[in-house]
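4 protein chains.
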Amino acid sequence: MNLPPPGDKSIFQRRESEARGYCRRFDVVFGSASGALLRDVRGREYIDFLAGCAALNYGHNDPDMSTALIEHIQGSGITMGLDLHTEAKQAFMTQFERHILAPRGLPHRMQFTGPTGTNAVEAALKLARKVTGRHNVVAFTNGYHGVTLGSLAATGSRYHRMGAPLAGVTRLPYDGYLGAGFDTADLLERMLDDPSSGLDAPAAILLETVQGEGGLTAATPAWVERVASLARRHGALLIVDDVQAGCGRTGRFFSFEGMDLQPDLIVLSKSLSGYGLPLAMLLVHPERDQWRPAEHNGTFRGNTHAFVTARVAVEKFWSGPVFQMEVARRAQIVTQHLERMARRVHGSRLKGRGMMQGLDVVSGELAGQICDRCFEQGLILETSGAHDQVLKILAPLTIGLDTLERGLAILDQAIAASMVLGLRQAA
Amino acid sequence: MNLPPPGDKSIFQRRESEARGYCRRFDVVFGSASGALLRDVRGREYIDFLAGCAALNYGHNDPDMSTALIEHIQGSGITMGLDLHTEAKQAFMTQFERHILAPRGLPHRMQFTGPTGTNAVEAALKLARKVTGRHNVVAFTNGYHGVTLGSLAATGSRYHRMGAPLAGVTRLPYDGYLGAGFDTADLLERMLDDPSSGLDAPAAILLETVQGEGGLTAATPAWVERVASLARRHGALLIVDDVQAGCGRTGRFFSFEGMDLQPDLIVLSKSLSGYGLPLAMLLVHPERDQWRPAEHNGTFRGNTHAFVTARVAVEKFWSGPVFQMEVARRAQIVTQHLERMARRVHGSRLKGRGMMQGLDVVSGELAGQICDRCFEQGLILETSGAHDQVLKILAPLTIGLDTLERGLAILDQAIAASMVLGLRQAA
Amino acid sequence: MNLPPPGDKSIFQRRESEARGYCRRFDVVFGSASGALLRDVRGREYIDFLAGCAALNYGHNDPDMSTALIEHIQGSGITMGLDLHTEAKQAFMTQFERHILAPRGLPHRMQFTGPTGTNAVEAALKLARKVTGRHNVVAFTNGYHGVTLGSLAATGSRYHRMGAPLAGVTRLPYDGYLGAGFDTADLLERMLDDPSSGLDAPAAILLETVQGEGGLTAATPAWVERVASLARRHGALLIVDDVQAGCGRTGRFFSFEGMDLQPDLIVLSKSLSGYGLPLAMLLVHPERDQWRPAEHNGTFRGNTHAFVTARVAVEKFWSGPVFQMEVARRAQIVTQHLERMARRVHGSRLKGRGMMQGLDVVSGELAGQICDRCFEQGLILETSGAHDQVLKILAPLTIGLDTLERGLAILDQAIAASMVLGLRQAA
Amino acid sequence: MNLPPPGDKSIFQRRESEARGYCRRFDVVFGSASGALLRDVRGREYIDFLAGCAALNYGHNDPDMSTALIEHIQGSGITMGLDLHTEAKQAFMTQFERHILAPRGLPHRMQFTGPTGTNAVEAALKLARKVTGRHNVVAFTNGYHGVTLGSLAATGSRYHRMGAPLAGVTRLPYDGYLGAGFDTADLLERMLDDPSSGLDAPAAILLETVQGEGGLTAATPAWVERVASLARRHGALLIVDDVQAGCGRTGRFFSFEGMDLQPDLIVLSKSLSGYGLPLAMLLVHPERDQWRPAEHNGTFRGNTHAFVTARVAVEKFWSGPVFQMEVARRAQIVTQHLERMARRVHGSRLKGRGMMQGLDVVSGELAGQICDRCFEQGLILETSGAHDQVLKILAPLTIGLDTLERGLAILDQAIAASMVLGLRQAA
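Protein chains in written order, with this note's numbering: chain S, 1 to 427; chain Z, 1 to 427; chain C, 1 to 427; chain Y, 1 to 427.
Note that these hints are calculated values from the structure, not bench results.
Heads up, the list lumps identical chains together, so a pair's fine if it works in one copy or across two of them.
Here are the simulated EDC-like cross-link-like pairs (lysine to aspartate or glutamate), alpha carbons at most 20 Å apart as the crow flies:
# : residue 1 : residue 2
1 : 9         : 97
2 : 130       : 18
3 : 130       : 295
4 : 9         : 289
5 : 316       : 71
6 : 316       : 97
7 : 130       : 289
8 : 316       : 64
9 : 9         : 376
Generate coordinates for the entire structure from the input sequences, incorporating the hints supplied.
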């Protein structure tokens, strides 16, 4: 085929849009991957604490999924099926009902939207507006829900909002936004109750229980429950955006398990396929399932290859209790290490929960330096938060204990080195 | 795994959202597919004139793509790579530049958005607004650009718009909307020139050269060229939405080839991966590539499996002139048959061009009956148009001549039978 | 009080906002006025063909209105009454019902909004949206409905729209917008009937029967009737904005008299008070009067002084047929003179109807020169139209025949002189 | 003229829109008024504690203004002057500069918009958006700024917003909204500083220093100053809506006098004409005066009769310090009485400041009963607040001391009587 050598990056410089992002920090060409490891075309290995930004909760190229997918391809299984009934879809839906929905008492229906989180968020917002006949939606500071126009209106980041005249969302402070002394649900409640607050009766309240892009801020169960109860009292649908925090990332399948609430709509994507293939699903409470046929459509609603791997993921990881225990153990290890690291950085704070933890090191510049240093040492790690000040650990949930320890050690050393450098520069 | 029998549809009834669409008309469970044929789990074969709604221009499960994809999986090639540099991406971009962009004199950059057409349309609209500092966008009657909020504002269908207060789009009549006697570009020109027309200076003019969902209406080259020239004169970007009409569907790679114009932004998706895998790309003229890093983002921007198959598609079908000639031949056959069928239905008209042709049979009810009858006879075919009154033939471009003839024969008989029935009912 | 001399304009330069407009062309200080004459503080007299931009249909300071108003003030009549019942309001409403509504078979109710046209247009749009539960409004090219945000969305002028992201309006071409050969109501009908046109079902169709600011374009009765009938058929309210064309300006009280239609909502302002005092009224068909108490409010809804003079205006001018005959006679004189003038200017066209006529002289620069020359000769006259290319004659309806002739003679000479000058410059 | 008897209300029932409001509670026909007294057509007198909803700060029909206005009319002074220079306008502007702007060090220019508060608010918002190139505006809970679409977006009342999809405003809690323990400016500051708060950089912050309709809530000077300083720091214009609180209502001409700030834009209306005639003015800092000629226009921008009376008001009340002292004395009397009344109602609180005080009696039903009882006893008084729970005393600033005492006594008795009744009902 006469291709340039695998490591040649000139095509990216010549022909890829300036919109590209991650590849700027991790500026090598990757060739293969397995589990928690990525390899560049020169053969160098990297521990992956980014994990497709939580789209690879079960690691890269899980062998059982690879096998199932190859079998499917070799058997000429459907690849592109629009929203037709297919064997692969039937199998996935059956197992998702059996192992995920039924045990958790969720009567929800599955809606396959375009295979990205933002597509499913758009569907959720549209459905909530249809069902309630209302237009306004409550979303929260530092929330991230995607960059198509409907989702973007609910997303907090000024960088992504780009000054566009976005409409239909009232923004309120997330849990803890003004410090521990002030329960921000007080403001929500007051504004909902007050007919002159300027808060139009909302179609929905949209939230993440842990804000992934917003800096790994985890809401307390009490706050989420209160918001859920306010939503119900005021006739608004509760939409939980579990795109990043769902599929086991916080330790259980849904991030809101253990809280006393049942969302009307639940948005899943990222790790849903289990294998990193694009897939998104909106779970819709049957009473809210007021769609007319194809009212929200799209060519790639459903992705048959992703159904194949998603089914394997559900069967392999969620048919028994073992996986959750293993995730809990890893989460505990992360916490312990982060606590130690936190002592190195003045003013730093632990953020998040489960396998969605990180360290707020106050300064985005510092966090960036640490990430760069980690990459030099073979660890891929990103930041999040309003000022990119939070070191975000999104390791695969299936990561081996020693790999996890190795990665954390690299991070620890990078922090230590940055601190020493900072002291020298200050001196 | 203890799954229900493959043909059991109860899970769909029990757990799939009412939003499901195609599966209502084609209510069987599909199991496998190759080329232009779909098979249900009972082994029955169907000729596919829907082809993933033009996402399967090269048919189901092209063997070369299957092979390449299996190889990629077996070699632990990257599956999920965010927008990192990967070998597969490098290879695809190189070949797309070599075989598609360079020969056509297009200096455009590639932007990988979320892997659906609507994601790329959203990116295009956002970029046009950013580059021009303007807000308004001109879109056309019967246009279809997707159902996320930004794209939906540009989409004509009231069914999908759902009465939402959509903003930022001025709607103007598409070519031929008021019959042959009136050039609708006159209205566009007049309103652009008139400072009191109420048409705010547009950031972009967004159009399909053939309206796929809108009823297979093909604009004349003269009209498209005039619109392009008006866009340029008034400082608006020209966005060609080639999601359905691109990737060879009209006979050449882009639907606007042969017209005297160069779009600022070109939206591709559907058949871009060649294999029916989700992928979308926005082609951006370098002068318009004013994105900041990750300003428009998303987890699944780029889909590595799709890069693998898309590369094969480009190499296999677009590195020489043969494929285009074969498509032209098939298109001619379709035209001939449609002309004959048109004589059966009073008032019917041929629509579209290339392998994107159909027959407007005036009545949506009649068109629906014909589709149902085709399905009974083993042909999958859908309608489009404002009243679902256009029988839409979207056969794979690679369909064998005899399969094509067989499908057309089924269609012809279905039309004939419906006419007879209609006469009987009228009598 | 130690004020500067009356002709001193320094305070305007020092302290008036740059938003000021008319005073730039007519840059003297005016002191008094009667009938069709204005006088500046130096005693120079001007014939007034602007007439408060049609707010002075009965001329300046009608003596009967002056007397009634002085009596009211001397008797300590209510000046500011919010929307309380007052004697003056009772008297006005009674006479308006008796002499205007009842004889024309209009069952409409009177709603007093803030005393400007745009306030009443806003009320009309809001009510139409409430009554229909729809959001979209159809408005027309070159329409002018005011500059508050709701009305502005329906106004065509780019200068006034200022690039703001205005929403909720679909813009369609007004009668004759594309020349005599194309009936623009065809497009409206087609888009209303077509479920994929992108025209959301409208709450209202809003129009002026003669576009005052838009260049004195008069719609044909057939077109207006067809639009009215389309509105009814599609469940949209018909709103006639009679702010400039109403109150006798076109020869009868309402501009749509003689047409076969009954608007749901009629907007009046400008000459409604008869005396140039701020007043606006929305006439609401009883079936549409679905307001809740004070749902649309405002401090100055109703203006008691204006009720006093408005009552006199109704009694004096509209209790018998004489006034309308006198207006018709004046309109005929204007037409005759304009026809003669039109022969002087190549390509010029007569515009408008009744006492709302003018001459389109093609060039805004030329029209401006003519206005300036008129002002030098003691005639106040303005332009309108998208390019300010229409000389607009809005003389008081009560103007004396000799004053009218004198004014027209000045205009004729100004045109002649500009033509001569133009020829010289061209030579 | 053959009118029905003055007290006949049938015309209102027959022909006035259901939108009417105040006349429902005060259901008599008023005939004349002077100072703080209104008289109905039967000759009954009422003390006016509503005062045209603060549009009559100098009482009804001030004799000096009456005289000046009659003189103006008798001298054929201009009534309707569009925005031409007139003698009356020159005189008003000169005195407003001399007695109001210059002594307070305000370099602002005067822009005469349509003569209602909402017109001037619309102009302010539009200018702020133009000057900053930003779209978003911060407004506060319980704010009231008018009901045209632009102002309505900034208004808090759900009743007036009517569920419309209003855009362009971020709503934040006003001072004290969450009780004394929480400074709501903390949230504003946090959200402005946080690039992921979802608060787009605002064009303006719009506020009332005392919320008239919102329940007479007075912000502390410290809070207003902090907001002003945040606006400046973040490049947003500060707009003070002094429509209700300005023109002396709080004791000084502007409500923000004594605070350490200078608004970019100040909105005045209501009592600006001094006589209850419609007039509105936007004061624009010269650096912000970036209007192009007539960019914001309207027929009744400026109201010449109102200029005549407004000039008298400025000269008579604001050329020396006496008036302010008299207002302060009356305000003190109101406070003393309210404190006594507050003891009668469990949980009640004093609200407001200056001559814009009231009593929050917790229940809207109770407040309504008290108002009704007052009206029976010859006192006109209204409620405000989200639940209409605040008795609002807006007596003329010029009210005689004995009339003030009489009015307060009626109110006191009405409260006492309602309490007794409440006790009986409870028993």
